[in-house]
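J.: Protein chains in written order, with numbering that gives the first Met the number 0: chain A, 0 to 249; chain C, 0 to 249.
For the record, the hints were derived by calculation from the structure and aren't laboratory data. Any given hint could be a false lead.
Any copy will do: because identical chains look the same in the list, a pair fits if it lies in one copy or spans two.
BS3-like cross-link-like pairs, simulated, lysine-lysine; straight-line CA separation at most 25 Å [unchecked claim]:
1) Lys23 to Lys239
2) Lys64 to Lys52
3) Lys52 to Lys88
4) Lys23 to Lys156
5) Lys106 to Lys239
6) Lys241 to Lys226
7) Lys23 to Lys188
8) Lys239 to Lys198
9) Lys52 to Lys156
10) Lys175 to Lys109
11) Lys175 to Lys241
12) Lys239 to Lys52
13) Lys52 to Lys122
14) Lys241 to Lys156
15) Lys106 to Lys4
16) Lys122 to Lys188
17) Lys23 to Lys52
18) Lys175 to Lys239
19) Lys52 to Lys188
20) Lys4 to Lys98
21) Lys98 to Lys188
22) Lys64 to Lys241
23) Lys212 to Lys109
24) Lys188 to Lys226
25) Lys64 to Lys212
26) Lys226 to Lys239
27) Lys109 to Lys241
Predicted model, so just to flag it, every value in this text is computed and none were measured.
Protein chains: 2
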Amino acid sequence: MKNKKEIIAGIIIIGNEVLSGRTKDLNTSTLSLWLNTLGIDVKEVRVIPDIEKLIINTVNELRSKYNYIFTTGGIGPTHDDITAESISKAFNLEYGFHKEAFSILEKYYKPGEFNEGRQKMAKMPTSASLILNPTSGAPGFYVENVFCLPGVPSILKSMLGGLNNVLVGGDPILSKTINLRTYESEIAKPLSEVQINNKEVDIGSYPFFRAGKLGVSIVLRSVDQNKIDNCNSQILAFIKAKDIEIIELD
Amino acid sequence: MKNKKEIIAGIIIIGNEVLSGRTKDLNTSTLSLWLNTLGIDVKEVRVIPDIEKLIINTVNELRSKYNYIFTTGGIGPTHDDITAESISKAFNLEYGFHKEAFSILEKYYKPGEFNEGRQKMAKMPTSASLILNPTSGAPGFYVENVFCLPGVPSILKSMLGGLNNVLVGGDPILSKTINLRTYESEIAKPLSEVQINNKEVDIGSYPFFRAGKLGVSIVLRSVDQNKIDNCNSQILAFIKAKDIEIIELD
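The shape of chain A in the complex, shown without the other chains (with noise of 0.2 Å):
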């Protein structure tokens, strides 16, 4: 099996609210697990705050990076919802409203309720390109490889589906789960030779609580399916002799 190109991709959450603790990120995983289903492997997440000048920097350092960047965040109508505008200033494009967003949003209200602060939500670079939003409205944009959000989770969700057929993948990266009564420390040994011997499937080791009890989830995750079937049995095998129960979560 020949691999396509590996297609890479960088988080931005650009939000106070996360960096204050007030908030905890759930786009992170949202967005991940998406990008995983496209053959699209997320690298790198920075939270950072609703600051012009280091969103302008932190985006313009990863857009070079990665093959795609998510911002998420600052895009509604308050006075710290600045991301659109750092946006434009970091391509150096106009910015404005935007003659579709405007339209969008102008039919979205009802008459007389298409106030000043609604109607900065049509303000973006004047040339990006539109992110359909089925839930409020307001859409999200992008710029040649920066693809801008919302942070509401919700909201965020219901506009991914859009992105679908916009963005190009790679081979999709599968994963096989194996959850284990055990302790790291008991599987380390033969885990870590089962790695050696398979370079090509990333296996992590996540020690969990639950209902009170220590266990271990092994992660493997490889865009192969064969590979990891191999490395399953094998990790299986060892379990075996080692006499450990696989158990089920959820």
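Position chain C relative to chain A; hints supplied.
T.: Then chain C, alone, in the frame of chain A:
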């Protein structure tokens, strides 16, 4: 009120499991809320894979930018736990059995149970200072301003208390949240005016969905309670004028 020097921190989440979307990062929120009580403001978070070169480069880049760096993950017994060795290399320090850590773990496990995997958890920069672990024995460690903690949220949480007297913070960062039954676009303009008149208060506006209804949380952050109170009064004034309902959450 004279401010102490601003004390700032960065967080490095080390772990493929967060980048793959399998695990949601809870540690940023735990660390940030705790650091705020000590007067330490988190300015940046990076999520990076378990790759030695990336860990070394990220630690070395960020440790000169911030007063404190916290890493989470990668200090367990398995092959993918490479944080301790990477930190040793980042600081050019000897990596090997840490005497005190070895002694702690040797006492923690029953005779005969202190196997090779568990012994690995005593390997770190031999000159590091330890961060004691009341939950599961294996200590974290710190070198200069870089503090290395485990990835399992409940264990990480249990270890923070031991650092309260090690970290030197600034003025505690105070905050006040006002939850409103409104839309961001309804308050965008007056809120922006309040921000312009209260430059030393960081005002964030965060839309939310709860029980199928949209609302907005306004969060005021500052080291000065008087400035938060003034800002709060100005917001309450325009909320009253606009007849917007204040709601209690949680």
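J.: When no copy is specified for Lys122 and Lys188, does a C-alpha distance of 25 Å or less occur within a copy, between copies, both, or neither?
T.: So Lys122 and Lys188 pass the 25 Å test across copies only (15 Å; inside, 56 Å).
J.: Can you give me the call for Lys52 and Lys122, within, between, both or neither, at a CA distance of at most 25 Å?
T.: Cα proximity of Lys52 and Lys122: one copy only (19 Å, versus 40 Å across).
J.: Cα distance capped at 25 Å. Does Lys98 pair with Lys188 within a copy, between copies, both, or neither?
T.: Between copies only: 22 Å across chains, 61 Å inside a chain, cut-off 25 Å.
J.: Have a look at Lys226 and Lys239 and pick one of within, between, both or neither, based on CA distance no larger than 25 Å.
T.: Only inside one copy: Lys226 and Lys239 sit 20 Å apart there, 64 Å across copies, limit 25 Å.
J.: Measure nothing new, just compare the shortest in-copy and cross-copy C-alpha distances for Lys64 and Lys212 to 25 Å and report within, between, both or neither.
T.: Intra 41 Å, inter 40 Å, cutoff 25 Å: neither.
J.: Taking 25 Å as the upper bound on the Cα-Cα distance, should Lys175 and Lys239 be classified as within, between, both, or neither?
T.: within (18 Å within a copy, 55 Å between copies)
J.: Quick one: Lys106 to Lys239, C-alpha cut-off 25 Å, is that within a copy, between copies, both, or neither?
T.: Neither way: Lys106 and Lys239 sit 63 Å apart in one copy and 30 Å across, limit 25 Å.
J.: Is the C-alpha distance from Lys239 to Lys198 at most 25 Å within one copy, between copies, in both cases, or in neither?
T.: This pair counts as within: shortest intra-copy Cα distance 23 Å, inter-copy 64 Å.
J.: At most 25 Å between CA atoms: does that hold for Lys239 and Lys52 within a copy, between copies, both, or neither?
T.: Neither: 55 Å inside a chain and 35 Å across chains, both beyond 25 Å.
J.: Could you figure out if Lys64 and Lys241 sit no more than 25 Å apart (CA to CA) within one copy, between two copies, both or neither?
T.: The answer is neither: 44 Å in one copy and 47 Å across copies each exceed 25 Å.
J.: Can you tell me if Lys4 and Lys98 fall within 25 Å by alpha carbon in one copy, between copies, both or neither?
T.: neither (36 Å within a copy, 46 Å between copies)
J.: Checking an output row: Lys23 and Lys188, CA cutoff 25 Å. Within, between, both or neither?
T.: neither (35 Å within a copy, 27 Å between copies)
The structure does not agree with the numbered hints 1, 5, 7, 9, 10, 12, 14, 15, 20, 22, 25 stated previously, though it agrees with the rest.
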